[in-house]
Amino acid sequence: MNAPTIAGQGIMAGRYIGQRSLRKEDPRLLTGRGQFVDDISLPGMLHVAFHRSQIARGNILSIDCAAARDLPGVHAVWLAADIERPGFEMLSLYLRPTEVPTPLLADSIVRYVGEPIALVIADSRAIAEDAAALIEVEYEELDPVVTLAQARSGPPIHPGTDDNIATEAGDEEVDEALAATLAGAAHTITHHVVHQRISQSPMECRGIVAQANGIEELRLYITCQSPHMIARWVSQALGYPNSAIHVIAKDVGGSFGLKNQPWREETATILAALKFGRPLKWIEDRYEHLTACPQCREQEFTLTIAYDKDGKFLASQGDYSANNGAFPQGADNNLAAHMFIWAAYKMPTYGFITRGWYTNTTGLAAYRGPWAIESLVRETAMDVAARKIGIEPYELRRRNVLKVAEQPATTCLGMPVDDITTETCLDKLLENFDVPAFRREQAEARKAGRFLGLGIAAYVEPTASAGSINFMTGELAQVRIEPTGKVTAAMSTHSQGHGTATTMAQVIADRLGVPYEDVTVFEGDNMHGGFGPGAAGSRQGVAGGGAAITASEMLAAKVKGLAAHLFNASPEAVSIEQGMVHIAGAPEMSRSLREIADIAYSEPMRLPPGYETGLEVQFRYMPPPMTMTSAAHACIVEVDVETGFVKILRWITSEDCGTVINPAIVEGQVTGGLAQAIGMVLLEEAAYDARGNPIAATYKDYLLPAISDVPVFEFLHANTPSKTVGGMRGVGEGGAIIGPPTLVNAIADALSPFGEVPVNLPLTPSKLLSVIEGRDIAGHGGRGAAAAPVAVAPAAAPAASAGEAQIDGEWKMTMSTPMGAQEMTGHFATDGTALSGHLMSAEGRQDFTGTVEGNKLKFELKVEKPMNITLKYDLQVDGNAIFGKVKMGMFGSSKLTGQRI
Amino acid sequence: MKPAPFDYVAPTTVEDACQVLADAGGGATMLAGGQTLMPLLNLRMSQPFILLDINKIEALKGVSRAQGATRVGPVTRQCEALASAELAAALPVLVEALSHVGHHQTRNRGTIGGSIALGEPAAEMPATAVALGAVIEARSVRGTRQIPAREFYLGPYMNVLEPDELVTAIDYPDWPQGHITLFREVAQRPGDFALVGMVGALALEGGKIARAGIAWFGMGPTPIAAAQAEQALLGQSIDAIDPQAIAELAVADTAPFDDHHASAEYRRTVGRRIFARTLGEALNIRKAA
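Here the protein sequences come in this chain order: R and H. Take 1 as the starting number for the first sequence in our numbering and just add one per residue. Take 902 as the starting number for the second sequence in our numbering and just add one per residue.
Simulated from the structure, these hints should not be mistaken for laboratory data. Just so you know, not all the hints are guaranteed correct.
To be verified - Straight line, CA to CA, 27 Å or less: simulated DSS-like cross-link-like pairs of lysine-lysine:
#1 H/Lys903 with R/Lys250
#2 H/Lys903 with R/Lys275
#3 R/Lys312 with R/Lys388
#4 R/Lys647 with R/Lys447
#5 R/Lys312 with R/Lys346
#6 R/Lys858 with R/Lys885
#7 R/Lys700 with H/Lys903
#8 R/Lys447 with R/Lys403
#9 R/Lys388 with R/Lys403
I would like the entire structure built from these sequences, with the hints used as guidance.
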């Protein structure tokens, strides 16, 4: 049958959609009946612990495992070579080989403190740890590269590389026209933001139970963001059939971007289980989590904004760096931060350079709003700019915000945008918050020596990515009315606290016309239902919700068709309410869904011609590539100028996540994100010492916000339906994106009589007191202490031996792009200064012509994916090596390296 | 995070506990409330051969009267001390300080003696013992001795106890009814160890300071008595005290350090400020009374 017309768009108040339905997950979780990885115990299961590197950078001279192997209860002590597996390849988040090969266990060199070196299998975790402690490793220690500054000047941490740049895009040289605009503007400000390193700190750390079954068959209990994604990743990394990998993650205690994929320890445990034959369990403990787990943020952003005397934006330039650690889960230069930094504002022109750097620290992983620094740097810069010309910061936003009436529009980077409602959120916020009244209160308080501050920030984020990032596509709903009349749904969504078993049940009950209590949603097991990427990038409400709505409406249509046939009525006369099927004008014909279902399952001869038996429907919803979510927040703080302590007095949120399925769940998402924002601004820091040792190794030193640090938030919902089925917009990450600039702006406003507050997170009492007293109180012993640069031997510059270059021939080349490394083969033929040839890549063959000058060659190619852009290749040949840059239009530049075949 | 192997003993008498310690030759570690020791064991930062659990020794629990002092058994839970009407009447500042020790959940298990014996330099209980002039009773098979809290601490987590000694009581000397109490701490989150804090008591006779006990926490490697400030206060009329000047003297006795959470200069700056403010406010209240 055909899908019925979708009536779901813009549902504002349904029977269950929009209600604060109680969470279906809670009774089980609150009474200790959840099932997390460490709750799993399989017959014959053994335990894994790792011996980890004690130094940040060095060569391994010897490893002595004899004492560990002799310990009673130890079954195996394995090193890198012991778990090697032909065909295995460590993949990034993007399901591609990591940019630098990521070993599961370090063998000849170590690149961060905590890097796993040996894997112990023992009867218990305690014995495994006893054995791990008996392993002796002898090192030749080298000076580590810890900070971004050291990454820029220090030796490359990965052998065989020229520098520590993991990935790069944009242009170092500021475009001439842009430079001229910046120079000629009435005002320019240059604003520098330093974001500290963060530990994702889910309540449930990483963990896995891996069981090898039969031939090429695996059962994995793993704490993750999507069992389907894990199965896909493992299948691709191991070369196993996807359907042979059974992944179960019934309950997950938070993830925040960390658990998109298995990482070194989980994967090593899988390979060890395949080799050893018995089920193996590895549970990351909190010490491992804080010292050896992938971490996030640690970024620097310098933003220049030029504006005229009225505050109208003229031009902007950005420079971004991120510490990728030694082995990121995909080298990252945060191109998204540049693509979206001006999406909600009218900025005529923007240029940028953006880089990710390798260092001897744990690798970079995602964290709620991985590109959030664009909102932090932009919104805090705008407040500085507003103070400079003496207008209210919100007024500067109003003058520059991209209005709803001005859309669709194209951003300064050429990206088409539509449906951005930042203006709506800001208006709603200001209607509900009296700024002039606050200014009066602030002035009075200052007279009494109390320093209050107001921070307002606004933003937009792309949510529910579908097709715009390679692994994120549509979500699947399989909805069934069972013979009992109860409704079950197998969803490809997955909850790490999101409450999707609740929201999806609300949507299904609403669109199908059954009681909420009658709907059960199954997720967390890839053998239930079909593939879907699950949680990542604020997508499940939109993509999963759209799938559930459409599947439910298709199923309702099926019920109506059947009832119409049975009762000789027209389908339009049939309605479904609270699990009862009614025929308009014929109340005596009302039947329960159970009666209808019984016929559907048991009496095929009574079904309309062409009807399948049973009542089930499957629908995969592919939303638009991006769905825009906006918000504007206001926060009031008081800063104690005697101690530098910040107290949050009030926080009002005005977000537009379109159709709200369950306000309590939306508010819970915003609250959680804001709690993390408060942690990032005031408390948390995964700091390292100068030798690369993590120094926040327990929660005594890594300060998460406690319940007493998080205020009660006030919520305004703008409810502008999006263009998706159901009209939802993603809301998972927003609080963690807009929270930091809102709070920083409030603190900066409070302390504006003392000067500007350098945005160097976290804003500890020491740092704020330094601003208040105008002297360095934080000192060099405080956080973020600058470590000495690491000495580096001068690298041999690539010789540009003009004239003698041999360009003709075949070259194997790798281009680092925002979507991962692209492999290609180049065929070049020269004739004087003329160049001709073609590139062979996964996308096929492309021919080109270009020019040659000495050892330099230039040519251009047009591509259509992901959008129409011209790639400008600017390469140099040096002997058998080739290197250079490829300009990719709005995506900036990528590095290309390669060698002669 | 599993502890290294150890033997576990849980005697029920002080004598048996002392014998275990004597026999262990330094290889035993005492388990009281376990709020610090259990994480240290799990992190393998502490790897004792013998874990001596003193929770079953009834003689080490409870609050009682001693000669001119309130005697607190070391295994008295912090929550019990906090709820003790006797302590609230005799030593209100001890109870106030206790309310800043950890959280409800940790105080249900954590003990007074555990906190004092551990000697975290930024913790409230050691500094309160120093300020109030407490005496720590230690016992071993060799005998019993009384150690003034001011002589108890050697450095961070280090004290003068011999490996075979067990703390059997903390005696807080009586302070006169109506004495002035001083307490203020600055901590990043409620329940955290302090960045800087001060605690104290002042006894008055005829409008003059007759006795002063004040100590810092988070201001050096141990709790630190503000000895110069105490000396300067003695004999002063409360109308004549300059809190700023006393605070300067108090800070002069400290040796704060830089760490991950705050700089030494922050601790000095804010310490001076909270000392002066707390002292000034307490004196003003007394003057108004």
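Note to self: Given the hinted pair H/Lys903 and R/Lys250, is their Cα-Cα distance within 27 Å?
What the structure shows: Judged against 27 Å, a Cα distance of about 26 Å means the pair holds.
Item checked: Given pair status - R/Lys346, R/Lys312, alpha carbons within 27 Å -> holds (9 Å)
Note to self: Holds or violated: R/Lys858 and R/Lys885, Cα atoms, limit 27 Å.
What the structure shows: holds (10 Å)
Checklist line | 27 Å limit on alpha-carbon distance, applied to hinted pair H/Lys903 and R/Lys275 | finding: holds (26 Å)
Check: Is the hinted pair R/Lys647 and R/Lys447 satisfied, with a Cα-Cα distance of at most 27 Å?
Finding: OK: R/Lys647 and R/Lys447 at ~19 Å, within 27 Å.
Notebook entry, point to check: Holds or violated: R/Lys700 with H/Lys903, Cα cutoff 27 Å?
Noted result: Judged against 27 Å, a Cα distance of about 18 Å means the pair holds.
Item checked: Satisfaction of hint between R/Lys388 and R/Lys312, Cα-Cα up to 27 Å -> holds (13 Å)
Margin query: R/Lys388 and R/Lys403 were given as a pair; does the straight-line alpha-carbon distance stay at or below 27 Å?
Written below: holds (24 Å)
Margin query: Would the hint linking R/Lys447 and R/Lys403 be met if the CA-CA limit is 27 Å?
Written below: violated (39 Å)
Violated hint: 8 only; the structure is consistent with all others.
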